[in-house]
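Asks: Residues per chain are reported as follows:
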Amino acid sequence: MAVTTRSGHTYQSTDLTTSKRRDFLEEARVGVARLRSSDGETLVALPERDLNVLVELRTHTLAFLSLENAMSRARDDRRPTDFGELAWATVFDDEDLGEFRAEFADGLATALAERSVNRLVETIHAWRLSSELLRDSVAMARVNADVDEDDLEVRSPTGMIDEPKE
Amino acid sequence: MKRPPVGAYDPNITLASPGGKPATKPRFRVLMSKSLWKQWANAVAQAGDQNVQQLWNHLAYRPDRPPLLGSVTRLKGGHMKGKGGWSDVHHYEITGAGRVNYQFHPKYTGGAKGDKHAVVLVISIDMSSH
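Note that the protein sequences, when read in sequence, are chains A and B. Going by the working numbering, the first sequence opens with residue 280, and the numbers climb by one from there. Going by the working numbering, the second sequence opens with residue 1005, and the numbers climb by one from there.
Bear in mind the hints are in silico, worked out from the structure with no lab data behind them. Wrong hints could be hidden among the right ones.
[Unchecked claim] A few chain A residues that don't get close to chain B, going by computed Cβ distances all over 10 Å: (1) S292; (2) E320; (3) V323; (4) L330; (5) E347; (6) D361; (7) L387; (8) N397; (9) R398.
[To be verified] Only pairs whose alpha carbons sit at most 16 Å apart, straight line, appear in this in silico EDC-like list of lysine to aspartate or glutamate: (10) K1038(B) <-> E428(A); (11) K1042(B) <-> D1130(B); (12) K1085(B) <-> E378(A); (13) K1111(B) <-> D425(A); (14) K1085(B) <-> D425(A); (15) K1038(B) <-> E432(A); (16) K1038(B) <-> D427(A); (17) K1042(B) <-> E432(A); (18) K1038(B) <-> D425(A); (19) K1087(B) <-> D425(A); (20) K1120(B) <-> D425(A); (21) K1085(B) <-> D375(A).
A quick note: this is a predicted structure, and the numbers were derived from the prediction, not measured. Here a beta-carbon is modelled for each residue, glycine too, at the ideal position from N, C-alpha and C.
Excised from the complex, chain A in its bound form (with noise of 0.2 Å):
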């Protein structure tokens, strides 16, 4: 699929030494430009942070792909290796990975449209999180459980009891 600009117009490398320059950085600025070299090869010049939004969203799709690929194999024939990157995801349950999956897609999807990963990388972050507490089975034992007699009740590190002001 070719890439669309506003005005569908390509400029010349001599444009950008005239008038023109003005409108090629503008068309840039608010999405792409096409620009033909002396060479006759077309380049693109596009904001930064768009540029930066298309290569984490190649990376974050890789790695999708590995987990889309390691999921396609049965639990026992899984390899941390198949999962690339996301190795630490090894230790979710087929029901935690389904989850995770499905709003990894929606993650995708949302940064497409938002041209933004900010969201997505919050959710992978939460994942992680999560795969690290899910290791230490010391500390699992202490989700959900009652409070005993060997519970001991922190009191503020400074003394200080006020409430911190919004």
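Fit chain B to the known structure of chain A by using the hints.
Replies: Coordinates of chain B only, in the frame set by chain A:
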């Protein structure tokens, strides 16, 4: 090393205001297992009272709200779901004072004899940063 204030949990005793001055009572009692005590003490020793105070403030006043400092993440997956009135497991991180995983219970009774009161239970403490 200054020892952080700590006391055995008693559902019938409330925190006293320091020096008798009027102060806003913490909304939640912050509880942790004795086995975490050393890590908490290390946190205070490494990060300093003032930094750990920020962490404690979040746990004591607004574990169920967006933090004023740092970040809170609600953890994912079935094992992190709260049961019996406990919240889902939350992760609080603040630069300079480490990270804690916790659950809160707005109406914990502390057993058959306890009155309803709000508690935060620290699940784990980690002084390393990501």
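Asks: Tell me, which hint numbers fail for this structure?
Replies: none
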